[in-house]
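Engineer: So the chains spell out like this:
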Amino acid sequence: MIAHADNIPSGRHPLVKFILRWLLTTNHKEIGTLYLSFSFLLFFIGGAFALTFRAELAQPGLQFMGADFYNQMVTLHGLVMVFGAVMPAFVGLANYMIPLQIGASDMALPRLNNFSFWIMPFAFGLLLSSLFMPGGAPDFGWTLYAPLSTTYGPPSTDFLILGGQLMGISSILGAINIIVTIFNLRAPGMTLMKMPMFVWTWLITAFLLIMAMPVLAGVVTMMLTDRHFGTSFFEASGGGDPLIFQHVFWFFGHPEVYIMILPGFGIASQIIPTFARKPLFGYASMVYATAAIAGLSFVVWGHHMFATGMPLATELWFMYATMLIAVPTGVKVFNWVATMWDGSMTFETPMLFALGFVVMFTIGGFSGLMLAVAPVDFQYHDTFFVVAHIHYVLYPGAIFATMAAVYYWIPKWTGNMYDERLGKIHFWTAVVALNLTFFPMHFVGLGGMPRRIADYALPFTGLNTFATAGAFLLGVTQVLFLYIIIKTVRGGPKATDQVWEGAEGLEWTLPSPLPLHTFETPPKVD
Amino acid sequence: MSQESLHAGDGPPDYYVPHSSAWPIIGSTALFVTAFGAGHFIQQSTDKVPTATGSYGLWIFLIGLAAVAYMMYGWFAQVVKESIQGLVSAKLDRSFRQSMFWFIVSEIMFFAAFFGALFHARVITVPWLAGASDNLQTHLLLWPDFADTWPLFLTPGGGLTQAMAAWGLPFINTVILVTSSITVTLAHWALKKNNRGALKAWLGFTVLLGAVFLVLQVVEYYEAYHALNLTMASGIYGSTFFMLTGFHGLHVTLGTIMLAVMLIRSMRGHFTPDDHFAFEAASWYWHFVDVVWLFLFTFVYWF
Amino acid sequence: MKYAFSCSGRGRLAFLLFFLASGAFAQGWDMRPGVTEISQDLRALHHMSLWICIIVGAIVFGAMFYTIIAHRRSKNPVPATWHHSTKVEIIWTIIPTLIVIGMVIPATKTLIEIEDNSDADLTILVTGSQWKWHYQYLEAGFGFFSNLSTPTEQINNIEPKGEHYLLEVDNPLVIPANLKVRFLTSSDDVIHSWWVPDFAVKQDALPGFINEAWARVPVPGTYRGQCTELCGMNHAYMPVVVDVIPEDEFQEWIDDQRIALEAQGEAAIAARSRDWSMEELMPIGEDVYLSNCATCHQPDGSGQGITYPAMTGSAIVNGPIEAHISTVLNGVAGTEMQAWGPQLSDLEIAAVITYERNSLGNETGEVIQPLTIFNSR
Ligand code: HEA
Ligand code: HEA
Ligand code: CUA
Ligand SMILES: [Cu+2]
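Residue numbers (this note's numbering), protein chains in the order written: chain A, 1 to 526; chain B, 1001 to 1303; chain C, 2001 to 2377.
Bound conformation, chain A alone (with noise of 0.2 Å):
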């Protein structure tokens, strides 16, 4: 038996009463619903700052914006898809879904809960607050770089860091309630091995957030000290080193591009089996290649530096840890076609988006891998060709994975079908517009223009222009997208409680839409 306690004051005016209703509620599908309208608000902000700039790159030359501009644009379009709009999608998948799918009632936490995400939207409120500040918004790319961003940052970076602080504190307590739901509330029997593979990932996620975040406040923590109070950590003449930057930095930094990854490899572990009508290969080898992927996380950060002048030993040993990384990657692609093989398939929205995820992740993983070549990374590191790998593991990896699940689940969610000619139509011109964006990038950067540029040489120019296109086209069908969620909460045929015939599963034994409180009995899972 689950205990509810009700403190929504009665008897309000109902604007009161909606206001209070989500910013008091420690329901964790409203909690959800709140991250992933929030981490939508900001996909559609840092894909605004990103066409701002794209329209700066058509053309070689200065048309729109001074050089420094620029540079706002690019640092706030990374900090705020990264930390805005990639994560907080996840966390809001996760808030909804692993209950639903552990047979919980609840997150451990409820209240915490509340907690992790009310922060969010202040830390990014003093972000991007930044704009609007006298020296304009930080400008030295996402990667924070010292000295660049100590000595020579604008006023605004204080603030950077300090939203940068609360944004830990969110991610650090969210993936606690996370560990914590997972380890402590699975139905009676619900053993670890039979876990859903979206909870298997999301576990090892929040085990990666856990370990990651902590150390990014801790390196924002120098550069304020070293801005402010003296010390030098990144100094020369102190006996600092820029490079302790930019190994605390990246050894948070690469666990977090895996903690912006297995998600999304959950979740096509998810879809594909119930697409396929055919149970998901290899289970527990997924489990241990997730597992696998997330350790070696933690000892191949180097691979950023390798121009920085590290040892010979260093950049060897940097190189051979991250290539290793392609092994268990491969054998999730691999798990995944052979899910596929001799299933009985149909391509439905969510189907065709995790479809697109495994090929055009694989590809951006392709490209890591030759970047993880250390001596040719020297010819790719800092042009766009780092850009287009960057974005093909990111867009048609972390959107597209999170873009498939919410088509897979919104019929749980509203309890009505989405308009699947519209998902096709959304489906087929993401690819083509995001193709059209990012694969020329390879070709510019291997042609040696450098990344974070605001104006280029003219050999460039041709992909340039035909990237902004696709930029721009890439932008309307995110206006797509918001327009089918729209139309899906709004109305719709009706979706049925099991909704999609191959689906596996706790959360389907529920019915559409779903009630507010869930599994207030535990199923029994044998």
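If you are wondering where the hints come from, they were derived from the structure by calculation, not from laboratory data.
Quantities reported herein were computed from a predicted structural model and do not represent experimental measurements.
Possibly wrong hints are sitting among the right ones.
Stated by the list, open to error - Simulated coverage check for chain A against chain B, where a stretch passes if three residues somewhere in it have a Cβ under 8 Å from a Cβ of chain B:
1) 125 to 134
2) 367 to 373
3) 477 to 491
To be verified - A few chain C residues facing chain B, derived, Cβ under 10 Å:
4) I2052
5) I2055
6) I2059
7) Q2136
8) G2208
9) E2212
What the hints assert, rightly or not - Below 27 Å or equal to it, Euclidean Cα-Cα: the simulated DSS-like pairs (lysine-lysine) are:
10) K487(A) <-> K424(A)
11) K1091(B) <-> K194(A)
12) K524(A) <-> K1091(B)
Idealized CB from N, CA, C, for every residue including glycine.
Since the structure of chain A is provided, determine the placement of chains B and C with the ligands on it from the hints.
Structural biologist: Leaving out everything else, chains B and C with the ligands in the frame of chain A:
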């Protein structure tokens, strides 16, 4: 289900899910106010930011801190109340425990960042600046007068400082913290045997030790600033020294407050021999602070 | 094109269209081969890993495509139920491991070669600063600055852009062909990165540290690259241009430089031995201002926000002359205002200060003489 019907049920619910709570939003607002105030305060107190004038930042920061304290008090008081009402099931208790464990893991990683900086500086940066292995050119062309020592008495830029000796105050502080770890365990044993008198005595002693540690730390800082010219600004040695010991000191302060609250609660008759999670959480935290200190003593003071 | 066909998989049609279209834009599709042995080794390694990816991709995506077509519901209404096979899983763990090992062996060899900085014939200290490079010939004992020479009119789309838009400088680095040249990279302010793609040399320039890299360039010619580490506002405007000249001409070039330096010294003596008039100084000052100061302080002296102060009405520009001279000569520590003393001659500094004080909305009427600057150094 309303509050009343909760009492009607017999035995604790399987899991208590508060339907809504104001404390989290108070908390996040308070954190925001704190951060906002801290940002303005920092900018107003250095000349690096010409546009930041006035001194309201400090006040906003303090208001924020007060609000955070208020939130913690209110939130924990509510949890305590729920616990006394018997709403905490064994399962919820386990959730609390596991959360505390992972929270401490995250704290360890926070310290790891600073230890990482320390080790990098000692093992790689300082030797590099002094021209070790194939970095001779850095030494010859940029810092010809710089020698590799640790503690770094003379920075490449020419800053001079003295080292903090390990076997004076720091050693006494080590003894104090290790002793306090033992006394808090004795208090725990006493609680488990339901020996309330011993519980209060040992716990009180632990709080006292924590306070003494902090006082000695202040004395040490005073000495560092006034006798040794060892400051935050005296190069990487001073930076790592003060950041590591400073954050540790902050954690000791928090730990001492936590233990003091536990002392007050013990005096009010809270905790039973088999249900005292809050006490255990505070003591875990205290052990964690102690272990961090041992690393500090070894790598910051001793070697 | 080959990349396109094999790496596409799903959405092949989209890819095909895209490739046909972007073919029209194709300029350089592949990593530049470069001219050094290392750069060609790297290109070979690049091709090796690219081909491995293409082949693995072709197999994976091929299998996926096949199953998508063959095992769709209308073709295969009853799905199989098997869900693991330890044997297969072990195979596809081992094979990628072997592939990776195969990739790593040649990569290790090349990396060891790249990191071997010993036995250089010539050493050049490359120092980055916002936003230019300084090259110091350590053996010969002289050096010079290298600035972007693309006019602002081209950047602001007022004039048509030249062939080497953004990749041209006033003083290129000159090195001899066929000799092993060692580059020591360092920086005066933030991290920069010195990259010449055709040499496959990319080395971060860290403030307070020195990194090493080397190149042996067999083919004389002009090679162009850019700063590749975000270093602030004008990161895009910090090109690297290297003139590689035949070995035997190099000594001659060094001698010429020495002579030129001596001439410069004499000119400086001449400049400070006489008084200059406002009319003489102003046009020189304007030139210096526009080519050095205007990126930050703006051509009209209005500055940019709070970061780059306006010259118009500035307290320093209109205040005591000593503070003005020292700001320009020594810079302002910890800001982007760098020390101009090492880069500009006495005459140039005198002229630019005179210009600032009597133009850009300021009117102090003061004329600053090169001798004053010489004495303040
Ligand atoms: C979701 C995010 C994500 C993911 C999953 C990855 C995955 C990987 N990344 Fe990526 N990376 C980023 C996000 C991500 N990266 C970002 C944001 C940056 C830039 C940061 C910045 O500077 O701003 C970056 C930069 C980056 C660099 C630094 C480049 C540079 O700055 O010079 C390197 C270098 O090694 C690298 C490598 C890899 C590797 C080896 C993987 C591997 O995990 C990929 C493994 C997958 C595969 C290989 C494909 C599937 C495998 C098979 C089908 C098996 C068989 C294959 C073979 C054996 C060939 N990444
Ligand atoms: C998850 C992460 C994520 C995502 C989703 C994206 C999405 C996009 N990114 Fe991002 N990017 C990063 C993470 C991400 N990026 C990171 C980490 C960096 C490195 C930053 C750094 O160097 O510090 C980077 C850098 C980066 C660069 C390199 C800049 C440089 O180095 O100079 C470029 C260049 O084109 C780019 C482009 C884009 C585009 C066009 C999209 C598009 O996919 C965006 C699509 C979304 C929209 C367009 C928004 C939706 C719609 C509207 C706003 C409505 C209005 C629009 C219309 C009606 C048209 N990104
Ligand atoms: Cu110098 Cu970028
Ligand atoms: Cu990485």
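Engineer: Each hint needs a verdict: does it hold in this structure or not?
Structural biologist: Hint check:
1. 125 to 134: The restraint on the region 125 to 134 of chain A holds, since 3 of its residues have a Cβ under 8 Å from chain B and three suffice.
2. 367 to 373: Check failed, 0 qualifying residues.
3. 477 to 491: violated (count 0)
4. I2052: violated (33 Å)
5. I2055: violated (39 Å)
6. I2059: This hint is violated: I2059(C) lies away from chain B, its Cβ roughly 40 Å from the closest one there, beyond 10 Å.
7. Q2136: holds (9 Å)
8. G2208: holds (6 Å)
9. E2212: Hint holds; E2212(C) Cβ to chain B Cβ min 7 Å, cut 10 Å.
10. K487(A) <-> K424(A): Holds - the C-alpha atoms of K424(A) and K487(A) are around 15 Å apart, at most 27 Å.
11. K1091(B) <-> K194(A): holds (21 Å)
12. K524(A) <-> K1091(B): It holds: about 17 Å lies between the C-alpha atoms, which stays within 27 Å.
Consistency note: the structure conflicts with the earlier hints numbered 2, 3, 4, 5 and 6.
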